[in-house]
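Q: Chain by chain, the residues:
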Amino acid sequence: MIAPRVVAILNTFSKTASLVVIVIGMLVLAGWVADVETLKAVLPGYEPMKVNTSIGFIFGGLSLWLLLSRSGNRTARIVAGILAFFVVVIGSLTLLEYLTWREFGIDNLIFADPDADMSGGFAGRMSPLSAVNFTILGAALLILITRPGKEPYSGVLALVAAFASLLSVLGYIYGVAAFYTFYTYSSVALNTAIASIVLALGILFVRPERGIMSVITMDTLGGMMARRVLPWAILLPFFFGWLRLKGQELGYYDTGIGLSLFAVSTMVLFTLLIWFSARSLNGSDIERKQAENEVHLLNQGLERRVVERTHELQNAINELGREVGERHKAEDSLKVSLEELSRKNRMETIINAITGSVHGSVDLREVLSNAVKSIKENMPGVDFIGVFMIEDKNAVLMADSGYPEDVYEKIKVIPYPKGLTWKTVEEGKTMYCPDAENDTTIGQAGRALGTKSYISMPIRYDEKTVGVININSRTADAFDKEELSLLETVAIQVEAAVHNARIVEALRATEKENRSLNEELERRLEELTAVNKELEAFSYSVSHDLRAPLRAIDGFSRILLEDYSGMLDEEGHRLFSVIRSNTLNMGQLIDDLLAFSRLGRQDVVPLEVNISEMARQVFQELQPHDSVKTPKFTLNHLPTAFGDRSMIRQVLTNLISNAIKFTRDRGAEAAIEITGHSNGRENIYHITDNGIGFDMAYVDKLFGVFQRLHSQNEFEGTGVGLALVKRIVVRHGGRVWAEGKVGEGASFYFTLPKDEGGLS
Amino acid sequence: MTDINQVEILLVEDNPNDEELTLRALKKNNIANNVHVVRDGAEALDFIFASGPYTSRRVESRPKVILLDLKLPKVDGLEVLKRIKSDDRTSMTPVVVLTSSKEERDIVESYKLGVSSYIVKPVDFDKFIQAVSQLGLYWLLLNQPPG
Chain A
1 MIAPRVVAIL NTFSKTASLV VIVIGMLVLA GWVADVETLK AVLPGYEPMK VNTSIGFIFG
61 GLSLWLLLSR SGNRTARIVA GILAFFVVVI GSLTLLEYLT WREFGIDNLI FADPDADMSG
121 GFAGRMSPLS AVNFTILGAA LLILITRPGK EPYSGVLALV AAFASLLSVL GYIYGVAAFY
181 TFYTYSSVAL NTAIASIVLA LGILFVRPER GIMSVITMDT LGGMMARRVL PWAILLPFFF
241 GWLRLKGQEL GYYDTGIGLS LFAVSTMVLF TLLIWFSARS LNGSDIERKQ AENEVHLLNQ
301 GLERRVVERT HELQNAINEL GREVGERHKA EDSLKVSLEE LSRKNRMETI INAITGSVHG
361 SVDLREVLSN AVKSIKENMP GVDFIGVFMI EDKNAVLMAD SGYPEDVYEK IKVIPYPKGL
421 TWKTVEEGKT MYCPDAENDT TIGQAGRALG TKSYISMPIR YDEKTVGVIN INSRTADAFD
481 KEELSLLETV AIQVEAAVHN ARIVEALRAT EKENRSLNEE LERRLEELTA VNKELEAFSY
541 SVSHDLRAPL RAIDGFSRIL LEDYSGMLDE EGHRLFSVIR SNTLNMGQLI DDLLAFSRLG
601 RQDVVPLEVN ISEMARQVFQ ELQPHDSVKT PKFTLNHLPT AFGDRSMIRQ VLTNLISNAI
661 KFTRDRGAEA AIEITGHSNG RENIYHITDN GIGFDMAYVD KLFGVFQRLH SQNEFEGTGV
721 GLALVKRIVV RHGGRVWAEG KVGEGASFYF TLPKDEGGLS
Chain B
761 MTDINQVEIL LVEDNPNDEE LTLRALKKNN IANNVHVVRD GAEALDFIFA SGPYTSRRVE
821 SRPKVILLDL KLPKVDGLEV LKRIKSDDRT SMTPVVVLTS SKEERDIVES YKLGVSSYIV
881 KPVDFDKFIQ AVSQLGLYWL LLNQPPG
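The listed protein sequences correspond, in order, to chains A and B.
So in this note's numbering, spot 174 of the first sequence is number 174, and the numbers just go up one at a time.
Here this note's numbering = 1-based position in the second sequence + 760.
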């Protein structure tokens, strides 16, 4: 509310005033030092300013200057205070001198006043008014310096001093000595009076925003009015007073008229002044009121807008609140579905872990351990889990999530038919008890675990319960339908693991058996090889040593016949021939046997064989030299076979020689026919003759070793030929069989592989 | 006994009956004069390489043919055959295996070692006589040995 411009102007005035006062004091002091009258008294003949007065002004001015420009500095304030105090001291001591009529020796302390008698009073002593002024101004300064907030007092004191000095100045101007001279005492010098006014105003304008000055400096109509009117209130009476005084002196009018004129002109001018001021103020006031009105309207608009905006904001806040609410709701539902998702995730983790484990391992214990671990980690309700497998009459704990030691000892093997586990085994279905505290099935061990709800689930294999999964929770009703069905899935996986384990077990057993069988086989093979070697040595020996004696028997009996034939009759010759024929038979038998036994050891060297050509050659070699006895031989086209040439030749030889032998009684009608055809991968050949045939009742004996259907007298033979045929054909992967009828003939069939693939 | 440097047929045979039968067959064809008989493989080698009791013999006086049985005491026939055929001084002497063995591997092995002929002694005496006669005639009369 303070008009800052006014304050600034007044402050500047104060500061300037302090400097002006100092300068005046210094000039006077210099005048005293140099004894220059002009400096001391301004105008010649005027009363000079005393030394003490000048010092008082210097101190007062310095004090004011320090107060204004160094107020923040503590030392400056102390110095200012001391200076003000000196001003008070100077004034009050002088005043005391006047009152007590005594001389303290302070008046001419520095310089002696040469004009001792001029003023008729006390040389060098300042006037009583100046003394009062210094006392008052010093006090005002002290108040300003030491008592902030007491500005009204310093203001009043300063005003008093100012008006008192103004009176002295008016005395000089109006030429009334009484205004500046008191009795005989020294009068107030003009410069002293001016300096006093300046110092007093300077002091008055210190802190113009406070104290009595605040009325003037306020930015209000009153302040404005004061600032406009006050200068005139001082200047106009001063000017009209001077006019009246001069007019009276010049004799234009007497005192009465002069006073009336002064009063009237003062009234008129003040009335005008106030009227103009009031008008100007009214204008300002109207403007202000209009402005206020506008401001009021603006305010109203603003208020309305504020209300509207507030309303909008409220709506927005409400809307936001609603949105936040909805968002919270959405978040809640999201949280629920997230929970659901993580639950599903955990369940899937369990299934994956177990499935992976079942497919990755055939070790049942490992699979069960993994299953237990995964369920414990991923199903929050599970506090304990144990998997039991049934072994005979015991449920054996195979995997668990860590039962306490004492419980573990109790349940690591549960004998039949104890407790929940065996109940599950017998019933073969999952039991879920959500409220274990009121359950009678749960045993001591379960109670020791602090079970509030439990699951007991069978593991089935091959339609039997082979194990049980027990789950205990310390929370009542810890599992929902979904978790139960998950656990059912787990049980199915565990069943798969049991299945795998059983298969592996069976495989291992088979493998072991196979190994021992193999070992046995190898052992037998070694034995066989040894036997075979012995047999070989045996047949070698037979080949050499059995024939030599026969040769000796035949040879020497022949020598006997040659050398001593004259000594033998016909009967002797016959007997020798019996010896010889038996010897030859035995030779043949040994040859056949050796061939037969050799066949078992000989390797088959498979090659393509032209059976037609081979049969033709064999027949040619075997046919009797007597053409009359030669049977009719029909050789049809035969398919090519695959086998060992020498062996197949043996087959053909034996079969064709048999056919010739058994048809020789037919004479010219004897006929042998060989035919053959392909059948799948094999060829079937048959040799048919119209010989003596055989009784089908003995067909089984035909291919046995040493089996003969005819006596040696009828048909010679060793009984090895057909056995040899069978052995060779069988070694080629083929079959041999015969058909016949006594007196009508016989057919011998044999098969040979068509190509290399048919050879087994 | 024949002069050991004039031997035309060396008969290596441990069985005395076979030896007698063989000699009889040779006699029938009048070729049994210069036959020398040894009764095991070791003696055969001594004779052939002029060692042991036969040091007075000259190795170069080769027989026209050696009739060699395979199953012999001490050193077997195949070994004897191998020694004969691996020595330059004797390798050109014809060797005929005359044995009871019809074993394929004996036949194959003998031919591999360089036998001139392989004859299985027949049990039938007539055939035996016939076989020995033929081979005696062939090797002593028909065959022309190297100088």
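Simulated from the structure, these hints should not be mistaken for laboratory data.
Each residue gets a CB set at the ideal place from its N, CA and C atoms; glycine is no exception.
Check each hint, because a few of them may be wrong.
In silico contact screen, one side only, chain B against chain A (beta carbon under 10 Å); selected entries [as the list claims (entries may be wrong)]:
| no. | residue |
| --- | --- |
| 1 | Asp778 |
| 2 | Leu830 |
| 3 | Lys834 |
| 4 | Glu864 |
| 5 | Val883 |
Computed list of lysine-lysine pairs in DSSO-like fashion (alpha-carbon distance at most 27 Å, straight line) [to be verified]:
| no. | chain 1 | residue 1 | chain 2 | residue 2 |
| --- | --- | --- | --- | --- |
| 6 | A | Lys629 | B | Lys887 |
| 7 | B | Lys862 | A | Lys661 |
| 8 | A | Lys373 | A | Lys410 |
| 9 | A | Lys344 | A | Lys393 |
Q: State for each hint whether it applies.
A: Results for each hint:
no.	hint	result
1	Asp778	6 Å, holds
2	Leu830	8 Å, holds
3	Lys834	16 Å, violated
4	Glu864	8 Å, holds
5	Val883	4 Å, holds
6	A:Lys629 x B:Lys887	25 Å, holds
7	B:Lys862 x A:Lys661	26 Å, holds
8	A:Lys373 x A:Lys410	21 Å, holds
9	A:Lys344 x A:Lys393	38 Å, violated
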